[in-house]
Amino acid sequence: MSDQNNSPERPEQGPEGTRQSPTVEGPMTAIVEFEVPADDMSMDEWLTLWGPRGDDARDFEPETCAYEAMVSVEDPTRVLAYERYTTGDAGLAFHMQRPSHAEIARALGDSGVNMKRTFISKFVDLPGYGWWSRPERQSVFANEGALVIFLGMNFAGDAARDAFIEISGGHADYCREAEPETLVYSGGLSVADQAYGVDVEADLVFVMACTDLAAMEQHRDDPRHLALGEPMAKAGCMPDIAFTKTYRTTAKGYLWK
333 MSDQNNSPER
343 PEQGPEGTRQ
353 SPTVEGPMTA
363 IVEFEVPADD
373 MSMDEWLTLW
383 GPRGDDARDF
393 EPETCAYEAM
403 VSVEDPTRVL
413 AYERYTTGDA
423 GLAFHMQRPS
433 HAEIARALGD
443 SGVNMKRTFI
453 SKFVDLPGYG
463 WWSRPERQSV
473 FANEGALVIF
483 LGMNFAGDAA
493 RDAFIEISGG
503 HADYCREAEP
513 ETLVYSGGLS
523 VADQAYGVDV
533 EADLVFVMAC
543 TDLAAMEQHR
553 DDPRHLALGE
563 PMAKAGCMPD
573 IAFTKTYRTT
583 AKGYLWK
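Residue numbers (the numbering used here): 333 to 589.
FYI, nobody ran anything at the bench for these hints, they're computed from the structure. Check each hint, because a few of them may be wrong.
[Claimed, not checked] Below 25 Å or equal to it, Euclidean Cα-Cα: the simulated SDA-like pairs (lysine to any residue) are: (1) Lys-448 to Arg-556; (2) Lys-566 to Lys-448; (3) Lys-448 to Ala-527; (4) Lys-448 to Ala-495; (5) Lys-448 to Leu-483; (6) Lys-448 to Val-523; (7) Lys-448 to Arg-469; (8) Lys-448 to Thr-409; (9) Lys-448 to Phe-487; (10) Lys-566 to Thr-409; (11) Lys-448 to Met-373; (12) Lys-448 to Ser-374; (13) Lys-566 to Ala-425; (14) Lys-566 to Asn-475; (15) Lys-566 to Leu-483; (16) Lys-448 to Val-539; (17) Lys-448 to Val-364; (18) Lys-448 to Pro-467; (19) Lys-448 to Met-375; (20) Lys-566 to Arg-556; (21) Lys-448 to Thr-380; (22) Lys-448 to Trp-382; (23) Lys-448 to Arg-410; (24) Lys-448 to Thr-578.
None of these values were measured; they are calculated from a predicted model.
Just need the whole structure built from these sequences, with the hints factored in.
Next up, the structure:
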């Protein structure tokens with residue numbers, strides 16, 4: 333996670349040097365989107381500059397189970413850092429203390445690119461809900477061109493949220509067997525983090541990755557998927573969509589390892 337000024341953030345400290353937000357100890361995801369002004373630097377140039385940071389995370393950060401640069405489908409000047417840590421904030425802290433993190437910050441600063449942070453979210457895993465990787469497909473997924481969608485969802489209350497998780501979680505079990513081209517199908521509960529300026533914009537963030545558009549459309553059009561509306565409506569757990577964001581992987585970093 334980085335700030336708007338191309339440098340690692342310094343978490344704010346409390347009166348005894350502690351972070352102001354509750355510490356996440358289990359698996360979590362952080363996503364941070366930046367705008368890379370085309371007049372300052374092309375996206376290809378930015379990705380080339382950033383690439384070694386992804387290699388370092390893959391090779392020297394065992395708790396960073398995903399670290400991928402993704403380019404927005406809606407706006408090609410925006411890039412998302414997709415980060416997953418098996419040990420939560422401890423993994424994030426280790427990641428930010430790596431020498432390569434300071435090196436990429438210096439390189440971006442020296443390049444003169446005026447990056448602006450445009451979105452940030454942090455969410456903790458839901459145990460047993462879907463899947464974050466398909467190691468049976470390949471041990472490290474660092475392919476270019478996979479599509480990844482993030483859906484921020486709000487619910488009328490905890491009961492509605494829990495009902496949605498139960499219904500969609502059952503559907504995830506079906507998708508895992510029926511859709512081998514669906515690479516990731518999971519999500520997490522949003523948490524705030526004052527130190528990094530993270531607010532909660534959605535109760536739950538759902539994440540799905542597919543090999544390509546055809547695989548995503550196959551999932552969307554599956555009769556079992558289309559039929560989910562009825563039990564969700566009956567349970568009163570239809571979500572309000574807070575945000576929808578779609579990105580394409582770049583092979584700079586990895587979707588899992």
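Going down the list of hints, with the structure as the test:
With a C-alpha separation of about 41 Å, the suggested pairing of Lys-448 with Arg-556 is violated against the 25 Å cut-off. Of the supplied pair hints, the one linking Lys-566 and Lys-448 is violated, its CA atoms being roughly 43 Å apart against a limit of 25 Å. For the given pair, Lys-448 sits about 18 Å from Ala-527 by alpha-carbon distance, which is consistent with the 25 Å threshold. Between the alpha carbons of Lys-448 and Ala-495 the distance comes to roughly 37 Å, so the proposed pair goes past 25 Å and is violated.
Restraint check for Lys-448 and Leu-483: the C-alpha separation of about 22 Å stays at or below 25 Å, so the hint holds. For the proposed pair Lys-448 and Val-523, the alpha carbon gap of about 22 Å is at most 25 Å, so the pair holds. Pair hint Lys-448 plus Arg-469 does not hold up; C-alpha atoms about 36 Å apart against a cutoff of 25 Å. Between Lys-448 and Thr-409 the CA atoms are separated by roughly 11 Å; this keeps the pair inside 25 Å, and the hint holds.
Annotation: proposed proximity of Lys-448 to Phe-487 is violated, straight-line Cα distance about 30 Å (limit 25 Å). With a CA separation close to 41 Å, the supplied pair Lys-566 and Thr-409 exceeds the 25 Å bound. Note on Lys-448 and Met-373: the hinted pairing holds, with a Cα-Cα distance of about 13 Å set against a maximum of 25 Å. A distance of roughly 15 Å separates the Cα atoms of Lys-448 and Ser-374; the hinted pair therefore holds under the 25 Å criterion.
Pair hint Lys-566 plus Ala-425 does not hold up; C-alpha atoms about 43 Å apart against a cutoff of 25 Å. With a C-alpha separation of about 40 Å, the suggested pair Lys-566 and Asn-475 falls outside the 25 Å cut-off, and the hint is violated. This hinted pair checks out: Lys-566 and Leu-483 have alpha carbons roughly 22 Å apart, not beyond 25 Å. Pair hint Lys-448 plus Val-539 holds up; C-alpha atoms about 24 Å apart against a cutoff of 25 Å.
Proximity of Lys-448 to Val-364 is assessed by CA-CA distance (about 11 Å); at most 25 Å being required, the pair is judged to hold. Between the alpha carbons of Lys-448 and Pro-467 the distance comes to roughly 35 Å, so the proposed pair goes past 25 Å and is violated. Our distance criterion of 25 Å between C-alpha atoms is met by Lys-448 and Met-375, whose separation comes to about 14 Å. Using a Cα cut-off of 25 Å, the hinted pair Lys-566 and Arg-556 holds, with the two alpha carbons roughly 16 Å apart.
For the suggested pair Lys-448 and Thr-380, the alpha carbons sit about 19 Å apart, so the restraint of at most 25 Å is met. Of the pairs offered as hints, the one joining Lys-448 and Trp-382 holds, with about 16 Å between alpha carbons and a cut-off of 25 Å not exceeded. For the proposed pair Lys-448 and Arg-410, the alpha carbon gap of about 9 Å is at most 25 Å, so the pair holds. A distance of roughly 19 Å separates the Cα atoms of Lys-448 and Thr-578; the hinted pair therefore holds under the 25 Å criterion.
Going down the numbered hints, you'll see the structure goes against 1, 2, 4, 7, 9, 10, 13, 14, 18, while the others check out.
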